[in-house]
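Residue numbers (the numbering used here), protein chains in the order written: chain A, 1 to 397; chain C, 1001 to 1397; chain Z, 2001 to 2397; chain P, 3001 to 3397.
Because the hints were derived from the structure by calculation, they are not lab data. Any given hint could turn out to be false.
Claimed, not checked - If you want the footprint, here are the derived chain A segments under chain P, 3+ residues with CB under 8 angstroms:
id : stretch
1  : 26 to 37
2  : 65 to 78
3  : 133 to 146
To be verified - If you anchor each label on the Cβ, the simulated ranges turn out as follows:
id : chain 1 : residue 1 : chain 2 : residue 2 : range
4  : P       : D3101     : A       : H273      : 24 to 34 angstroms
5  : Z       : R2148     : P       : R3184     : 47 to 57 angstroms
6  : C       : H1282     : P       : T3191     : 45 to 55 angstroms
As the list claims (entries may be wrong) - Computed far set for chain C versus chain A, every beta-carbon distance over 10 angstroms:
id : residue
7  : A1057
8  : K1253
9  : L1351
10 : D1370
Owing to the predicted nature of the structure, the values given are computational and were not obtained by experimental measurement. The C-beta atom is built at its ideal place from N, Cα and C for all residues, glycine as well.
Number of protein chains: 4
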Amino acid sequence: MSSRADGGASADVGLLSPATAGTTVESLTGDHAVVAAMVRAEAALVRALVEVGLAPASAAAAADAIDALTLDARTLAVEAVEGGNPVIPLVRRLRAAVADDDASWVHHGTTSQDVLDTALMLVAANAARQVETDLTRLAHSLASLCDRTRAVPMVARTLTQQALPTTLGMRVAGWLAGVHDAVRAVRTCTTLPVSLGGAVGTASAYGAAGPDVLTAFAGFLEQTAPVVSWHTRRTPVLQLASAMVLAGEGCGKIAADVLVMSQTEVGEAREDHGGPSSAMAHKANPAQAVLVAAAARQLPAAGSVLAASAAAEQERPAGAWHAEWQPLRAVLRLAGGAAERTADLVAGLQLDHDALRRNLDRLLQAVGEDEAWVGLHTDHVGTWIDRVLAQHEEVFA
Amino acid sequence: MSSRADGGASADVGLLSPATAGTTVESLTGDHAVVAAMVRAEAALVRALVEVGLAPASAAAAADAIDALTLDARTLAVEAVEGGNPVIPLVRRLRAAVADDDASWVHHGTTSQDVLDTALMLVAANAARQVETDLTRLAHSLASLCDRTRAVPMVARTLTQQALPTTLGMRVAGWLAGVHDAVRAVRTCTTLPVSLGGAVGTASAYGAAGPDVLTAFAGFLEQTAPVVSWHTRRTPVLQLASAMVLAGEGCGKIAADVLVMSQTEVGEAREDHGGPSSAMAHKANPAQAVLVAAAARQLPAAGSVLAASAAAEQERPAGAWHAEWQPLRAVLRLAGGAAERTADLVAGLQLDHDALRRNLDRLLQAVGEDEAWVGLHTDHVGTWIDRVLAQHEEVFA
Amino acid sequence: MSSRADGGASADVGLLSPATAGTTVESLTGDHAVVAAMVRAEAALVRALVEVGLAPASAAAAADAIDALTLDARTLAVEAVEGGNPVIPLVRRLRAAVADDDASWVHHGTTSQDVLDTALMLVAANAARQVETDLTRLAHSLASLCDRTRAVPMVARTLTQQALPTTLGMRVAGWLAGVHDAVRAVRTCTTLPVSLGGAVGTASAYGAAGPDVLTAFAGFLEQTAPVVSWHTRRTPVLQLASAMVLAGEGCGKIAADVLVMSQTEVGEAREDHGGPSSAMAHKANPAQAVLVAAAARQLPAAGSVLAASAAAEQERPAGAWHAEWQPLRAVLRLAGGAAERTADLVAGLQLDHDALRRNLDRLLQAVGEDEAWVGLHTDHVGTWIDRVLAQHEEVFA
Amino acid sequence: MSSRADGGASADVGLLSPATAGTTVESLTGDHAVVAAMVRAEAALVRALVEVGLAPASAAAAADAIDALTLDARTLAVEAVEGGNPVIPLVRRLRAAVADDDASWVHHGTTSQDVLDTALMLVAANAARQVETDLTRLAHSLASLCDRTRAVPMVARTLTQQALPTTLGMRVAGWLAGVHDAVRAVRTCTTLPVSLGGAVGTASAYGAAGPDVLTAFAGFLEQTAPVVSWHTRRTPVLQLASAMVLAGEGCGKIAADVLVMSQTEVGEAREDHGGPSSAMAHKANPAQAVLVAAAARQLPAAGSVLAASAAAEQERPAGAWHAEWQPLRAVLRLAGGAAERTADLVAGLQLDHDALRRNLDRLLQAVGEDEAWVGLHTDHVGTWIDRVLAQHEEVFA
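Bound-form chain A, shown alone (with noise of 0.2 angstroms):
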């Protein structure tokens, strides 16, 4: 198991995150996505810069020969370390890629939190919107499968026990409304600010201009700019961070659900092709609720850190920073995967009709019951799920 050259050894591919391995959130968000973020924030300063005639036109050559780049994540990480970010060795091989002349203008007047904070917001913008797609998809599903069974009657169970009689599009309904404030939340980060703060928040190398700046190099990146440097007000990784956690649990909510219906003695669900054992050729695991739990499991912890880091001293805190990068993609990538796997998972879905009716009957005879019990329960519930279906049509309009 030979290691490689650019890290290969050392790199985390996925294998110990099948919640995000393989989905496309997973490579938004890989140390590739970072560096191209990195440059293209750092190209998009140099153009920033022009338009507002700071620097001349003639520099906007460099922006296109550092989009041109071709820059090993590997090797910036290695060289990360001696100044603790991985801005400054990129900028030394920007510096070196530009025109002698243009040099100058690169990386001019900003600092490497503003490069690379620009960046996670690139990713983190482009990884909501994926998101924002995946629980789409998922809340369209859910919809429909809730619009089909509202009239299909279930038990409802509250603390492990079978309780009164629902319907399964009211359970469906629940779940829906969960992914309609994911889909809110999530829309919140689709575009983010950019940084430009330069070395200390005032930018002050850009004189009068710095809003000009500002608002030219969050245009060029299609983000927002914000009305003052956030370098030490860390509230758009704190909303970030909350939107993807609501996100993730909305998800987690859903799987959790059915992992109870996919237990053997209940029975009421499965996944379309359940996970294999390696030990047992008779079960089907629900694979994917599973994963989806586990991603819902780390969210709340990577949170913590990111809130923890928002009481930032200074004009930049000695270690609070450095330690939101890290946590800050494994919000996206856990919410990503869960938002990816529970669409798929939701459309594969197999319903257990007979089952639900078994359990159903089960409560009938512990209580003596009879259908018009079940009706005096159920009868109702398509208020809710009516007015549940009018916010999707809201949501979605």
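Dock chains C, Z and P against chain A, hints included.
Relative to chain A, chains C, Z and P alone:
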């Protein structure tokens, strides 16, 4: 040290939490406040049932009787153990306190989770209003300070090192923008959804009148009606937690800066009456900033428990809901303590202009520059400060 | 609902924590217990100073006077705010309560952190002894149950699916082994280091006698003397937290299994008196298992705050220490509540052998096997059970 | 920026984790190392089966064939998604690589969880050995520094304020004692339990030979044999996590102190080659201390996920186990990165004795004291230092 019948021996009266002890939010979130909110919710439900015509007008007397009750929180706490929540013993007492004919209308069609979730939302909305009040006071102090000190030069520091000149007003503008973010977030929590899903989220006991009962119930409590039950769709809890964490960390950022500015060797700020030391008379500790920092360190973990609880299985989860209650109060208290203490701290903050200047001179000496260089870096910070002050007008318009 | 002068309006009397309300550890860790422990520490210090000859023999009277005091926890809590910790107002009262000549020996050479850390360790050691007691009771129940049911076949389940036969005793052996691990861990916390570093960890007020005073102090409190001050070397707190988390999660594992076994559709176990439901008379909720699960969900987050506080700067950190106090109590209470509730739960656990058999038959039918196949999978589990029971003898030898 | 067939586009090659990039533990814990460990575990099992006589001697050839294999981690990662873990595709490949007659002995009687858990323990034990090595190097540096500077007076600081004199050696003694604690903890993890519970923890495929196979398996892997399966008794994971968190936070404490000592206004220490800044040439950032601080900030959250996973239901939980893998690697990497970086940092730490003196003089001036007072506070610190150095001899005897 005698134990008391009301659970005094076990009680937490704030001894281990000076960050929150004695604050307004502490008293708004105590167990007595939660009991009062549960009682208020039960009374409101009876009134709602009367309003929509499910219960006879005479039942309104039961609501009045409930309102008049005084219940002991410790008794309910101990009796809660058997069934796992305090609503069960509460309802027993409420029913005993009303006329026999009305007893069946007490808690009619609802469930423990509705009552406790609604009560916690009432408590949370109250707490959020107080947090907003404290943050508003803080924001106005900061806006004034920011404007007054916009041109006072000081050293900006990154990664612990003196970096470049900024102004005190610019640093404060960053604090203020963070408080703006917090205010906006907290305002989303000053009215919150009530819960009235009934036993399993279908509110089936109300038949077709479910939505009407819900609307009336929310109306009596001056909160909002959810589109569908959130028994196991915990968006309200997550969004509340996110807002409180954001608010607390925004204060934590200010505290982090005050702590560095208060260091003996930096000496740029001190609290108006520094905390005494039990061992060293010559010290004046930045005690309030320390307490805010302590609160900011506890918030993310409490938030993470709430986030994890959102992946709640079935119609009521077996543990996830019960795990929310203490952390939910914790996020309210810690954010509330942070907001009140930070507002006090900033109101009394003593800034040492000589020290600000002395530290700046040190930087000038290190880089071999003079006042002109300071101007180069600070002449245009007013642009950013004005943007933040304009935002201040918007936020508090 | 009137507020009370002792802070009743703000008090947490356990209403939101049925997992811990009314347990022995709850009362051992209440604010009154912490005050008592602080007083005990201060008295012990005076006695230690007398013993090593730094203070005159007459000062022993001051120790007795201190011991006789009754102090109100809420008053100290509120007064703690100014200086940031409750020891400052405590010392003021203690000095006022002793003869003038002795006042200077009260708190002599020590600091707030010593007194509060020592008090919390006294409280923790007490709590740990109780947790050990509860875990021991639990372990003996489990050992007996394990032996009795060693040959009772049941279905083992993985990833929610019926997998292969095991025996009930084998499953219980796994629980028992986890409790053994917990007992061993908790035993390391039944005596804990005192703290006597003085103002800055050097205990310089005692001159060359520092180690002797420390030894005497630890002796009077029946705890251990650390090699050097742990003011900012938080190993004792981290190891305590790790032990409590391990104990709580060991109980959480049992609760997790009981919850699944209690599901209506599984039906293999139920608590001896299931928790009542406020809405559904036919239900018998596994309320104690739910509460243990709720405790297990809160422990890791509390532990994470304590771990993060260990990176404590300088001779006393500005926030990290203060952030420890509530989470430290929380880990004790949650582990204590989990241990006591789980011991009760297991003692009264009703196992339904018919259901165990019925579920097993379902598996046999699914795989087309018979009793011989069950034997194939269970004939040798006794080997493992015996290993665990042998370990039981060792642990409780 | 082209994607690569081996998953390069998605790979994490350390770009966002300079705290760990390029460290030895990073390479010991990469996905390739995990694959290698899984392969090693599978080969060891075949050899164990041969040794106890369950498999024919000829099967040993299969073990050799397995050992010779090279497998691609990314391929396994992607194929892991279907079944939820990477062992399933691994076994398929291993069986294809051995002689037909031997194929049935590959993975015989075991399950995915055994193989992955054992592999992770192999990886962890390797990592722990490296952490021990780095901590040992660190400890020896500190012991030497502590002894050399035992009488160098400096200011001790509490709550950010200059407090009383101590010596540099005394502060370092505190660091050293923390590293001793860490070394002792990490040493408990240099051999770890293997897992061989089989499908459901009973290892029933081995019949009465179960314990013998387990012992042989552990022997080939040079790890220990557990008393009973720990599939859902996660003590080994929790104790490993606790040790790694303790180690990382012990380093974090040193970094926290170095960061304050490195502040421009304090100036008592600097890293031997300060980190460059991308924006300010005159700065020399304490980059390594920053990275260690960043690691210390991430460890508690990763540990909390592992702790929460311990409440694992039934014979294999539906999500809790899967949620462990990434956080388990994270605690190893973060502790490993912290240990290696801190050892490097301390080895090259430049202490500025003039600054130490200047800051002390400031305290003397503030309290109106002189050298005699310094002596009063530092003459006896040697007693404590000697205790720590004596402990050093014991720890490394």
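Quiz prompt | Beyond 10 angstroms from each Cβ of chain A, as asserted for C/D1370 | solution = Check passes; 16 angstroms lies beyond 10 angstroms.
Practice problem: Count the residues of the stretch 65 to 78 of chain A whose CB lies closer than 8 angstroms to any CB of chain P, then report whether that count reaches three. | Solution: holds (count 7)
Quiz item: Is 24 to 34 angstroms right for how far apart the beta carbons of P/D3101 and A/H273 are?
Solution: This hint holds: roughly 31 angstroms between Cβ atoms.
Quiz item: Holds or violated: 47 to 57 angstroms for the Cβ distance of Z/R2148 and P/R3184?
Solution: Violated, since Z/R2148 and P/R3184 (Cβ atoms, about 40 angstroms apart) do not stay within the stated range.
Quiz item: Under a C-beta cut-off of less than 8 angstroms, do 3 or more residues of the stretch 26 to 37 of chain A approach chain P closely enough to confirm the stated coverage?
Solution: holds (count 10)
Quiz item: Per the stated criterion, does the least C-beta distance between C/L1351 and chain A lie above 10 angstroms, as a non-interface residue requires?
Solution: C/L1351 is indeed farther than 10 angstroms from all Cβ atoms of chain A, at 16 angstroms.
Quiz item: Beyond 10 angstroms from chain A, beta-carbon-wise, is C/K1253?
Solution: Label violated. Min Cβ-Cβ 5 angstroms, cutoff 10 angstroms.
Quiz item: That 45 to 55 angstroms hint for C/H1282 and P/T3191 (C-beta), does it hold up?
Solution: Hint holds: Cβ distance 52 angstroms, inside 45 to 55 angstroms.
Quiz prompt | Whether chain P covers the stretch 133 to 146 of chain A (at least 3 residues having a Cβ closer than 8 angstroms to its Cβ atoms) | solution = Violated, because only 0 residues of the stretch 133 to 146 of chain A bring their Cβ atoms closer than 8 angstroms to Cβ atoms of chain P.
Quiz item: C/A1057 clear of chain A by more than 10 angstroms, beta carbon to beta carbon?
Solution: With a cut-off of 10 angstroms, C/A1057 remains clear of chain A, as the shortest Cβ separation is near 24 angstroms.
The structure fails hints 3, 5 and 8 (numbered hints given earlier, in ascending order).
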